[in-house]
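We have chain A; now place chain B onto it with these hints.
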Amino acid sequence: MYNKGTIIPGLIIFVLFVTFPIWFNGLSAGDLPKPELPAEGTQCVRPAGEMRESHMQLLNEWRDNVLRDGNRSYVEVGGKKYRKGLQMACMECHTSKEKFCDTCHEYASVKPYCWDCHLTPTEAASKKETH
Amino acid sequence: MDKQRRKFLKLAGASALAGIGAPAVVKLTASNAVASSAPDAGHGAAPAAHGDSHEAAPSGVRLGMVFDMRAFEKDPKLLEGAITACNSAHNIPHFEDRKREIKWIWKAPFEGVFTDHSVYHSGKLVKETAFPVTCNHCDDPPCVRACPTQATFKLETNGIVAMDYHRCIGCRFCMAACPYGARSFNWQDPRPYIKNYNSSFPSRMKGVVEKCNFCGERLALGQEPACVEACKGTGAVVFGDLNDPKSEISKLLDKEFTIQRKTNLGTKPSVFYIV
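From first to last, the protein sequence lines stand for chains A and B.
Using the working numbering, read the first sequence as starting at 1 and increasing by one per residue.
Using the working numbering, read the second sequence as starting at 132 and increasing by one per residue.
There are no misleading hints in this set.
Taking beta-carbon pairs under 8 angstroms as the criterion, some of the chain A residues facing chain B (in silico):
(1) Asp116
(2) Leu119
(3) Lys127
It is worth saying that the hints were derived from the structure and are not from the lab.
Glycine residues also receive a C-beta, built at the ideal position from the N, C-alpha and C atoms.
Isolated chain A (complex conformation):
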């Protein structure tokens, strides 16, 4: 092999550089997020695992149901009926976006644009209708 002296150290430096995000924090992924669960009610619209994995698909499905298919039927959880939607179903129990949604989203560095239009409970309460 020609130029062994430069190639091998160069490769080592390259590999170290590329794996920087992995070893920089001492091979730890940081503290796992602990979203605050609602105090009352242990049941969500789907099993917890399924929600964790695919709540975004469910939200898209609800969106298309409500807006496009004119299917605004209720979802029932534990005998209580909810209207399909972030503001009208999810946030009824998960009353804080900051303590629930954000914990995982920040950890995973995902930035969903739900709240550009939908009102978080805090936002909605900041300008409450008075009459």
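This is chain B only, laid out in the frame that chain A set:
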């Protein structure tokens, strides 16, 4: 070699002749067939497609609205109440600058609303009363055809021309296509300009187009649209299924003479005015 070339030229000439002649032959035979046989369903529907008829096909639910201007003339505050009710139901921001205005239902003078009607020697009502204007929820909506992302569409279940703000890319083709000016664009984040939030309805974001949705979210709860509810008891706004001959709105339309906005464009609006 020569022989082959001659053969090729002959063949090419023949096919060119056939190609030119074929459409004429097809046309001739087709018109003969129509003349000889009774018109089938496809040809029967053709005149309606030219926009000669302003009648909508009476199939399924088609929601519509009638504004009775006599009631609005009697009580000038009525329209203001309806607009306020809509604004607070849908988290509509208020901008002082008219260029940034967001409007779902608003008021305009007669000549602004009915641009193709003569206003020479018009009556007191026409001169002095502000007319309510909103999305016409057309049966043949030009905005829907213009939308490149299908963010606006006609709901087949009730005829509402609805929006999916998630899909809107803010190109404003729909605004250019709408002959009624019923669409508004969010030039900036509307949130700081919303007075009170209705917590069960979202706001919009910067860069999307918005418009009246005939209160689809309220209809789902069995409520009347916000403007109809605000004018309750006066009969100023009547809402219902245009295709149901027994509905209040159909009976009213049967009884009264109504006008619609820019019917010559063939959009078939679902909003009527009794003037």
